[in-house]
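Mind docking chains B, C, D, E and F on chain A? Use the hints.
Number of protein chains: 6
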Amino acid sequence: MAEFCEEKSPETKVSKGLTSVGTVEEADATDRVKETYGDIKTTLGIDFVPNMYRAIAKDPSYLDVTWKKIKSIMKARGKLDRKTQDIIALTVSIMSGCEYCINVYTTAVKHAGLDDETMLEIYEIIDLYTGLNRLNIAMQTKPDDKPWHGCGG
Amino acid sequence: MAEFCEEKSPETKVSKGLTSVGTVEEADATDRVKETYGDIKTTLGIDFVPNMYRAIAKDPSYLDVTWKKIKSIMKARGKLDRKTQDIIALTVSIMSGCEYCINVYTTAVKHAGLDDETMLEIYEIIDLYTGLNRLNIAMQTKPDDKPWHGCGG
Amino acid sequence: MAEFCEEKSPETKVSKGLTSVGTVEEADATDRVKETYGDIKTTLGIDFVPNMYRAIAKDPSYLDVTWKKIKSIMKARGKLDRKTQDIIALTVSIMSGCEYCINVYTTAVKHAGLDDETMLEIYEIIDLYTGLNRLNIAMQTKPDDKPWHGCGG
Amino acid sequence: MAEFCEEKSPETKVSKGLTSVGTVEEADATDRVKETYGDIKTTLGIDFVPNMYRAIAKDPSYLDVTWKKIKSIMKARGKLDRKTQDIIALTVSIMSGCEYCINVYTTAVKHAGLDDETMLEIYEIIDLYTGLNRLNIAMQTKPDDKPWHGCGG
Amino acid sequence: MAEFCEEKSPETKVSKGLTSVGTVEEADATDRVKETYGDIKTTLGIDFVPNMYRAIAKDPSYLDVTWKKIKSIMKARGKLDRKTQDIIALTVSIMSGCEYCINVYTTAVKHAGLDDETMLEIYEIIDLYTGLNRLNIAMQTKPDDKPWHGCGG
Amino acid sequence: MAEFCEEKSPETKVSKGLTSVGTVEEADATDRVKETYGDIKTTLGIDFVPNMYRAIAKDPSYLDVTWKKIKSIMKARGKLDRKTQDIIALTVSIMSGCEYCINVYTTAVKHAGLDDETMLEIYEIIDLYTGLNRLNIAMQTKPDDKPWHGCGG
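Chains as they are written, first to last, in my numbering: chain A, 538 to 690; chain B, 538 to 690; chain C, 538 to 690; chain D, 538 to 690; chain E, 538 to 690; chain F, 538 to 690.
Some hints here could point you the wrong way.
One copy or two, it doesn't matter: identical chains are merged, so the pair holds either way.
[Said to hold, decoys possible] For lysine-lysine, the following DSS-like pairs were computed, each having C-alpha atoms within a straight-line distance of at most 27 Å: (1) K571 with K620; (2) K578 with K612; (3) K595 with K608; (4) K571 with K608; (5) K578 with K620; (6) K616 with K578; (7) K595 with K571; (8) K679 with K571; (9) K612 with K595; (10) K578 with K595; (11) K605 with K578.
Calculated directly from the structure, the hints in this document are not laboratory data.
Next comes chain A alone, as it looks inside the complex:
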């Protein structure tokens, strides 16, 4: 007999699908979700709705604010071009260690025209600074009296 898990019934079945909270299929989408699904496909230039969006559609208002935030941030506005935006997104995904996201963004930047040589250059900088970052955390390096400008910091 369970001492502090007693409220649980061990026969519970937990099936997991494409995500741990299920998905809203395109055929089942209505109203605002259906509309957002359409906008996602048009905006991204694809003919399906990715698993991530189908999962969060289970809370239509969350899908709504998330998609609006994505569109607001990622659409080109002058300062950063699209390729640089994607490189930042890929770098963040690698640092977060999110397999799904690394897959999506590796495809994205290759699709945007980055060849293997350029991708390796990105990885080299990530290798270099991840290492130097941790070195400075280890050494508890004090700030320099005068500013300097990277090239190894």
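Coordinates of chains B, C, D, E and F only, in the frame set by chain A:
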């Protein structure tokens, strides 16, 4: 009396300076270290040697391979321009949570001409994808059957 | 003379204020920003605009989508009560290692009525599972054939 | 001939089982380990010993202190209810990126009665604050002069 | 008027001392806490109780299981010597980015006799592998068909 | 029609091999890469070139500086013995959560003669301090007035 720390003498003084392993001052640098110090100042266009380099100079061969790796990776070679390299280095530093490094690279990219608006755009993308990365880790999102190309992944 | 940093002028002054991208003061806020500032103060029940919001106000559309996402997610909708939401936010901030955020959320949950004993209970669970999580990553533990339900996983 | 790995014999076979250090099967458990195995099954209300516990049983004193710490922290003591404890454990596992642990705790909280809607609410808060945490680390936001209480911090 | 923070009274004072949950001073310790405080000082060979232990003493049973776990794991048992144990603890603290802990363990290993040269060697390995780890996460490197044994992995 | 991904052609094929940037096969290696491949095999005492090295060989100068840094740091120089170096490398890989690297280093330290009992001891210290590190980050523990020396910090 200490049970498993007994070999330690509690009166030991540990003073910490600019880094936890001390530094090699410019005036004390000789041979290869002196030469590398000179190359660092020339290459970075500054008139002092940053704390990080002065610390690792305590192992001259480590200073040597580190500086060679930095120069090899960061000097422009055609695919990524200098500004993009610095943006990746800043992004990595932010993801690592290294205060010293964020300081250096924030200065570096501002120095390279990025205004506050552009920097905020970088931060926005970091906010967005750090959040979505963790969401996909949480949901254990399965890979999509077909490729897609970011803009929120 | 700088080899690969030559485009930089070393005399650049970079002053840092409340954030690395500056802030929009309340007195200078107009239109949508002014309106959002008012909504933030009313919603949070405070008489000032926190530094974080004043920084992101430099991109009014980012302030807008961010505040809308926060309101959409944090306002009680039935399943999770406010206290549980704040506990999750505090836990996330601790795991991210964000000093500013730990400060805000430690204040928030204490303000919401959590006493030191309850907070220590939260920290105990964080200590326990952060340790066990890393242990399982270290041991590369394979999934169990049958489901179980925590109490140490 | 290996220069700095010479002491190694390349023919070494390393087989990996359920964990990288093997497991103590229930049938082989004696004394204190056997007793703890029994307590684990009774306490958790399951009829098997999860892989994690079978691995650490290889050091009986470690199994002992670990299980005692788990029981001491996770059994209800008044301030936090069981569901809130599990939500914190799940949040920590997601932030640590431990696949095994996310599996166990996703099952645990579903088993405890959380439906998909509630789980998505948890994920939404994790998405939101992981993003805002990193934003504040990026902006190096200074502490506010006056306290505020979350709802986006 | 606060919309979703209304239960909060903004005049709440939250003072923070040595830790966010306060401490139990040595003079106020009774029974099991007093006994554990004594054991901590004897075992560590110091004449005061560090802040960390004084904080968790607010939950005597947590102090008890934590201190028992620490003693069980850290006391020499034959396989790893004390210095290697401390080096692992320092490495973990650096990877976690815990300032308080890096301070304690930097002092600990220096106190145990490690000179600056040895510490720099530790940092070099941390720099090297943190970088290569992230590189392999970035490249999504597939497992090798045959085993190999580090020296750069 | 894609709004902000329009430059992308959805029919792009992205095949992924052993790494996301491909590899340089041994048979195709020339000049400096061929020479480094030979040195890697000799130094590590294996008869093949691991995937990681075959990937970074696509940028010969990066392979060169990386391999030189690895050799410089990992070859025994007096202060840390080879086993301790490998234990640090394994610990770092576990903290980074790099599956490929954990595999390589788990094999490496077992190969170097560490038995399951010793490995479990390493994991125990990682469990313990990862937990205590996060606890101190959570509690925002202030530095102690006097130094102490680990055994739980």
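Original post:
Any of the earlier hints contradicted here, and which numbers?
Top reply: Hint check: 1 fails alone, others pass.
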